[in-house]
Amino acid sequence: MLETHLSVEGLADRITRAWEAELLKDAPPPGRVHPYVYASAFRDCTRRMVYEMTVPERLPVPDATLRAKFRRGKDRERDLLADLVRIGRNTEPPFEVVGQQQDVKVRGRSGEVVISGRIDALLQFEGTRYLTPIEVKSWSPNIVDRIRTFADVFESPWTRAGAFQLLAYLYGHSQDYGFLLLDRSGLPLLLPVQLTEENLAHMEHFLAKAEEAVAHHLAGTLPDYIRDHVMCKRCPFYGSPCQPPSLMEGAQVLIDEALEQQLEEWHSLRPAGKQWSALDRDIKDRLRGTESALIGHFTVTGTWSKQSRLEVPADIKRQFTITDPKGRFTLEIERL
Amino acid sequence: MPQTDTLTDAPVEDVLEPTPSSLAGQLVKAHDPRVPVSLEQLAALAGGLQVIEQRATILHTGRVKSMRETEPEDWTGYMRRDGRVVCYLSDAGCERARAIWGINIHDVSPAERVAAPDGQAFAILVRGHATSSLTKETVENMLGARSSDEDFCRDKTGVQLLVAVEKAARANLDGNCCRELMGLKNVPLETLIAAWEGTGKNADYITKGRGFGTQDERLGGTKPGAPKVDPPCCTVCKDDAGNPLPLLYRPGKGENKAFYGCRNWDKHRQVKVTVDAAAWEKQALKAQRDKEADAKAQADEAARQPGEEG
Chain A
1 MLETHLSVEG LADRITRAWE AELLKDAPPP GRVHPYVYAS AFRDCTRRMV YEMTVPERLP
61 VPDATLRAKF RRGKDRERDL LADLVRIGRN TEPPFEVVGQ QQDVKVRGRS GEVVISGRID
121 ALLQFEGTRY LTPIEVKSWS PNIVDRIRTF ADVFESPWTR AGAFQLLAYL YGHSQDYGFL
181 LLDRSGLPLL LPVQLTEENL AHMEHFLAKA EEAVAHHLAG TLPDYIRDHV MCKRCPFYGS
241 PCQPPSLMEG AQVLIDEALE QQLEEWHSLR PAGKQWSALD RDIKDRLRGT ESALIGHFTV
301 TGTWSKQSRL EVPADIKRQF TITDPKGRFT LEIERL
Chain B
337 MPQTDTLTDA PVEDVLEPTP SSLAGQLVKA HDPRVPVSLE QLAALAGGLQ VIEQRATILH
397 TGRVKSMRET EPEDWTGYMR RDGRVVCYLS DAGCERARAI WGINIHDVSP AERVAAPDGQ
457 AFAILVRGHA TSSLTKETVE NMLGARSSDE DFCRDKTGVQ LLVAVEKAAR ANLDGNCCRE
517 LMGLKNVPLE TLIAAWEGTG KNADYITKGR GFGTQDERLG GTKPGAPKVD PPCCTVCKDD
577 AGNPLPLLYR PGKGENKAFY GCRNWDKHRQ VKVTVDAAAW EKQALKAQRD KEADAKAQAD
637 EAARQPGEEG
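Sequence order for the protein chains is A and B.
Residue numbers for the first sequence follow the numbering used here, so the first one is 1 and each next one is one higher.
Residue numbers for the second sequence follow the numbering used here, so the first one is 337 and each next one is one higher.
None of these hints come from the bench; they were simulated from the model.
Remember, it's a predicted structure, so these values are computed and weren't measured experimentally.
Every residue gets a Cβ at the ideal spot worked out from N, C-alpha and C, and that includes glycine.
One or more of the hints may lead you astray.
[Said to hold, decoys possible] Partner residues aside, some chain B positions facing chain A, computed with beta carbon under 7 angstroms:
(1) T397
(2) V400
(3) E409
(4) H442
(5) R506
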């Protein structure tokens with residue numbers, strides 16, 4: 001029995017609130033104005049990049065839950081780097097983990113620093129002076145589960161900035177390759193990253209945007225709006241101070257009496273159609289394998305024939321898989 | 337008020353001209369609610385009434401669809417004196433509902449800060465225009481406004497307070513434009529319930545606003561001072577299932593004693609239905625005690641063994 005006037009639920013509530021207060025205690029100061037883009041701050045919207053440089057104090061202050069997530073992420077990064085130190089001794093060739101949190105600066109055409117960041121660590125392999133950048137990320141498992149290659153990292157708006165960040169480090173250090181280490185519940189995912197033609201093009205894109213953002217910052221101006229409603233609604237500067245137009249396409253109006261009549265007919269036949277499909281499936285399941293039978297007024301004739309299928313190893317299948325972002329079209333028709 | 341703008345975006349070929357050679361084609365075009373058309377032009381076309389019906393059908397379908405995209409929690413219901421409930425769509429709900437209307441909000445002004453007379457609080461005002469690409473309707477100089485002394489600003493100070501109020505003002509502008517252009521400002525509850533048929537969305541989860549009583553009552557409580565007995569019922573009014581509607585408790589004021597009255601009293605002014613609250617409570621408690629005594633007597637009778645009589 002608890003020797004306190006509080007119930008056990010009350011105690012749990014008190015402890016949770018104290019925990020929140022602890023996390024909020026040492027709040028970092030609001031961001032300072034900076035004359036370059038952070039390497040981790042690639043944004044599809046250049047205007048947002050300028051706001052992050054010029055009015056960082058308007059960014060939302062993380063609450064206790066978000067602070068807890070950041071803290072867990074930092075702890076995991078530290079643990080993974082500590083693991084790498086040990087693993088480096090047993091790998092062939094062995095490597096050392098050096099230069100943690102080393103500054104990287106990327107200069108634009110004008111010679112000014114336009115991108116600045118800190119590499120998590122560098123790996124020095126035995127017998128070489130080459131230092132291989134490694135960036136550690138602790139993203140949501142739901143996101144990491146969908147990543148197989150470095151190219152996949154560009155797909156999600158939540159991870160894209162991380163891809164550009166590592167490319168900026170490779171570019172800034174004039175190095176051909178590096179690693180992106182992604183934490184997950186099992187073995188961490190170590191993605192090799194090379195400065196291929198494609199990745200160099202990505203980096204050029206980041207560099208151009210950073211140069212544009214810095215130029216606007218120096219001139220006290222702002223780039224044009226991105227005109228993407230979804231992106232604007234996700235932006236922390238929407239409404240303060242950015243007031244972009246909010247543009248949506250809307251539904252088409254189709255004036256086609258014949259098609260409308262077809263839809264009415266389709267809708268009226270649908271319940272019967274569904275019933276027929278369900279019966280058809282059930283009957284065929286029950287009669288599978290029956291080569292000849294009589295039932296009431298019906299005769300049943302079944303025939304076996306060849307069917308070929310490919311059994312391809314998963315890694316080969318993946319190698320030859322092409323994904324078309326608009327390959328599938330799904331229609332949902334509702335009568336209101 | 338929404339204005340129909342016939343002079344802006346519609347390309348020349350979409351505007352109706354009553355020339356005999358193109359009547360059939362024009363009739364088809366006229367069905368499209370985006371094509372500006374006047375009553376005179378419709379009257380000149382043989383199927384003018386059909387055109388109006390078709391346009392109304394399309395707009396009705398759009399309205400129902402956008403209501404179906406919302407959630408019950410997006411709405412606040414306000415009960416009028418006649419007992420009817422009208423619902424107001426929140427700014428967040430507007431975001432869900434607006435896609436079909438193609439609402440474009442443009443020429444948004446920078447946020448304007450207005451100090452309150454007390455010098456502490458402030459309001460932020462944002463203005464803008466909006467157009468619906470579905471109906472071609474335009475609204476101009478719509479206003480979004482929020483204040484720093486509202487609930488959502490509690491515990492915020494400095495820049496974070498300013499940011500919160502500015503964002504809320506912009507959200508309010510977006511919401512006001514959408515509500516105006518979608519015609520979803522005051523929607524009868526029955527209309528919402530009909531639109532949600534088949535979706536599983538429950539109108540019970542709509543937030544209860546003014547007219548539903550105190551906060552406690554809205555959350556299921558009773559009026560303070562109300563007798564803890566079932567209220568009497570109206571002899572005139574019935575609900576949809578045919579059951580008499582319970583009367584509402586009205587606390588006493590000044591020399592007037594507390595009573596139970598009908599919420600729809602103005603619909604049957606000639607038949608006044610009021611019950612003295614104290615008398616009702618006394619009667620109800622007595623009936624309750626009598627019922628308990630009867631039940632106890634019956635239980636005792638059933639428990640008595642043979643031979644125990646007398």
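At a threshold of 7 angstroms, is the proposed contact between B/H442 and chain A supported by beta-carbon distances? Check passed: Cβ of B/H442 comes within 4 angstroms of chain A, closer than 7 angstroms.
Take the shortest C-beta to C-beta distance between B/T397 and chain A; is it under 7 angstroms? holds (5 angstroms)
Next item in the hint list is B/V400. Is there a CB on chain A closer than 7 angstroms to its CB? Because about 4 angstroms separates B/V400 from the closest Cβ in chain A, which is inside the 7 angstroms limit, the hint holds.
At a threshold of 7 angstroms, is the proposed contact between B/E409 and chain A supported by beta-carbon distances? violated (19 angstroms)
Using Cβ atoms only, decide whether B/R506 comes closer than 7 angstroms to chain A, and label the hint accordingly. holds (3 angstroms)
Consistency note: the structure conflicts with earlier hint 3 alone.
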